[in-house]
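Participant: Residue-level listing of the chains:
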Amino acid sequence: MESQIFEMSDIDIAWCPGCGNFSILKVLKLALSELDIKPEKLVLVSGIGQAAKIPHYFRTNFFNGLHGRAIPPATAIKVVNPDLTVIAESGDGDMYGEGGNHLINAIRRNPDITNIVHNNMVYGLTKGQASPTSQIGFKTPVQVKGVFLEPFNPLALAVALDASFVARAFSDDIEQTKEILKEAISHRGFALVDIFQPCVSFNKVNTHKWFKENTYYLDNSHDPHDRGNAFQKAIEREKLPLGIFYRNDKKSTFEENVGVYRQNKEPLALRKIERKNKLSDLIKSKR
Amino acid sequence: MNAPQAQKKDEVSVVLCGEAGQGIQTVEQILARCLKLSGFHVFASKEYMSRVRGGSNSTEIRISSKRVSAFLDRMDLLIPFHKGALKHVEKRISADTIVLGDRDIIPKDSRMPVNKYIDIPFSKIASDIGGRIYVNIIAAGVVLGTVGVEQRLLTNFIREFFSKKSEDVIEKNIEAIKKGYEIGTQILNSGKIEFAMCSSPKVKEENLLNGAEAVGLGALAGGCEFLSSYPMSPSTGVMVFLSQQMQDFDVVVEQAEDEISAINMAIGASYGGARSMVTTSGGGFALMIEGVSLAGMLETPVVIHIGQRPGPATGLPTRTEQADLELALYSGHGEFPRIVFAPGNLKDAFSLTQKAFNLADKYQIPVFVLTDQYLIDSLMNLPLLDIPDTRYESHVVRTHKGYKRYELTEVGISPRGIPGFGEGLVGVDSDEHDEEAHITEDLVLRKKMVDKRLKKLDSIKKEIVPPELIGASNYKVLITGWGSTYNVVREALQELGREDISFLHFKQVYPLYEGTRDYLQKAHRNIIIENNATSQFGKLIKLYTGMDIEARILKYNGLAFSVEEVAAEIKKILGKEKI
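Same order as they appear, the protein sequences are chains H and G.
Just add 20 to the spot in the first sequence (first one is 1) and you have this note's numbering.
Just add 459 to the spot in the second sequence (first one is 1) and you have this note's numbering.
Same shape as in the complex, but just chain H (with noise of 0.2 Å):
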């Protein structure tokens, strides 16, 4: 299937020239075809920032939902129609920041969704001000003498709590990041997949440059079923490592753990519901 499905005619993108924004959405339309996955059997779901805007520019259904909320719509989605193929996308502030609980909550519920977080270490959409992510000593207009909180780790809090998927990408490696994406769409269970991205506008000290320096992809040796070499790789603060860290594909997801699938297959919210009898049972139990 060729990414041009995904393509939308006459729009205006509002991202800055040069930002990662558009390698990632590019990157993304690119896995999805590989992966044969149809617009119309697609859900992206976003909350605000200029990376939750991704939706606007991808042919297929979307919610763009409330600030550090596209978690808990996406996990409702997937429960409801797990046909569906679903794809929780958003900032470094808007998943760790605003919405940081979901994110953990997300991983011990573990709904067969796929979690994008665009990592540029700064808030875009509000121009400048520190992101969880960003580094100690990172000076904004807000931050005056420089970040002075620990960085978030969200590759260390995943594995922490046994995600099923946790990876790492950078939007400057078109085939990497399509591999690493694909990977994570196609895996069965929570998949969380940070990328990093340059925000060319507010972000001067973690530039194109920066991150390809300062990084380095995972090789053959690192077995991501092995958690305690995957916490370890996570913490790595010298060199930032790339690829997939962890996986464990034993774990079931929620909509296996729900029970409304167990006798029948068919996506509740396509079923009809025929509840006369049943519910004058209950009623008349009730007595």
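FYI, nobody ran anything at the bench for these hints, they're computed from the structure.
This list has only true hints and no planted wrong ones.
Each computed SDA-like pair below joins lysine to any residue, with the alpha-carbon atoms no more than 25 Å apart:
no.	chain 1	residue 1	chain 2	residue 2
1	G	Lys821	H	Leu299
2	G	Lys1001	G	Ser932
3	H	Lys306	G	Thr695
4	H	Lys298	G	Ser702
5	H	Lys58	G	Val855
6	H	Lys304	G	Pro842
7	H	Lys304	G	Phe708
8	H	Lys298	G	Ile846
9	H	Lys296	G	Gln703
10	H	Lys285	G	Met705
11	H	Lys298	G	Asp845
12	G	Lys907	H	Ile31
13	G	Lys860	G	Asp893
14	H	Lys304	G	Ser659
15	G	Lys525	G	Leu841
16	G	Lys468	G	Ile552
17	G	Lys906	H	Ile33
18	H	Lys285	G	Val712
19	G	Lys806	H	Ile303
20	H	Lys298	G	Thr695
21	H	Lys298	G	Glu852
22	G	Lys860	H	Gln24
23	H	Lys306	G	Thr614
24	H	Lys296	G	Gly696
25	H	Lys306	G	Met656
26	G	Lys860	H	Asp103
27	H	Lys61	G	Gly861
28	G	Lys525	H	Arg307
29	H	Lys304	G	Gln704
30	H	Lys306	G	Val712
31	G	Lys661	H	Asp301
32	H	Lys306	G	Arg492
33	H	Lys224	H	Gly157
34	G	Lys661	H	Arg307
35	H	Lys292	G	Lys860
36	H	Lys61	G	Phe880
Dock chain G against the given chain H, drawing on the hints supplied.
Facilitator: What follows is chain G alone, placed relative to chain H:
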């Protein structure tokens, strides 16, 4: 203390009072079910502290030959389980109240106005059976004995009630209830208490429900397929009820990490095509408010049940109030339509919750069901709920190529598609959007979209649930109320026996019934009754009718109105003036 005098009553109010953990709730359940199975009308209402052990909690159980459905101050029988009990219900003890209990529970200083007292050594009997834990079951037995329930029912009933317990525990509970029953029968035969309640086989066939179950059954009847919530008293009962029905009814019930997640999940589920709801209380709902606005903007149906309790902030977590009407009315930034229901009784709770799902779906809006702790925790028999046509009205359409989620239409309602059903694509956006849900700053279109959303109000107003007038239509005095005060005001008016007073009860508080002004204008005197401090519904009425109801009966100490209290307040207001 004097020996109790004989008295005949066709209705009795029994109050049990004890510490949290002494099994008051269990007794309430046992008595209500057993009495109802025996054909007596029952009504049980509880007030309790926000703690798991200790304190003082009480339950009132009214047992009657005729239907009863409201809280009374009067106590005919009082069974205290601990030393603080009499103090706790002191103000309700009258010269006719008969106290049944351990002698040492009655305070030695006789300032406590206990006139009639029957010594029952509950603790000793319980210890003989196997421990203090059986006190509550013995007490239940005593009540059943004094009322004259058939003894043969007891064993089976206890067996069934404790079916999940071990045989030993079941046997001891049977022994306890029988022992209590014997004592009750002796009291009855001694003539110290004389009840003349008649049982009716019809009652046996009725439902025995509390408010949470009524809301839950309404949700099932309304096609609810998804509930996400965070536990919060007093609304949790609805989540518990639906959890128990998950398997039989294919409902997803998820305990969310917080209320923000809960409502965003519910909206997501609804977008995905499942009928969804949340259940919460004031503080939890406060966290959901951005989500309410989201539902308004996305035009995605969601049913919001708020079991009100006193605020601000944590307030009185286990008590009752009607003070979140304005919160529900004005929740959510921006302007968008909504509907607010306020069931007056359990039948309303069932039918309005069902209706809430249908209307949420039809108009693609948030619909509120406002109850409170009093309604949620009231347990009573009522005629078997009538299942209306459960072929619930679905308004979801199969999409076609080129489908536009927010197509501009004359009535403001765009046909609602769901993803994966049809050939079209379904987008929704919290930003202002065009017909295909894409973000826009086209300000001409913005205005069209606001108008489209608000236009739905025109249709909504055509099917407002009208208020119910109780009493004659040629009233001189009109009492206006809403929500859970329905039964208590009704009974207070029966007690007053004045044909010139009628009661106008609102089950839908917003949009306000358009004939409201006519009702109010007809009265020489208007009185409003609300379980809050600022007459929130009165303010709403003033906003939409221009009429100010100055005579107010307001209660906000955390407790529900009692029948006597309402009657006295009405008398007090009317006593001052000539109608």
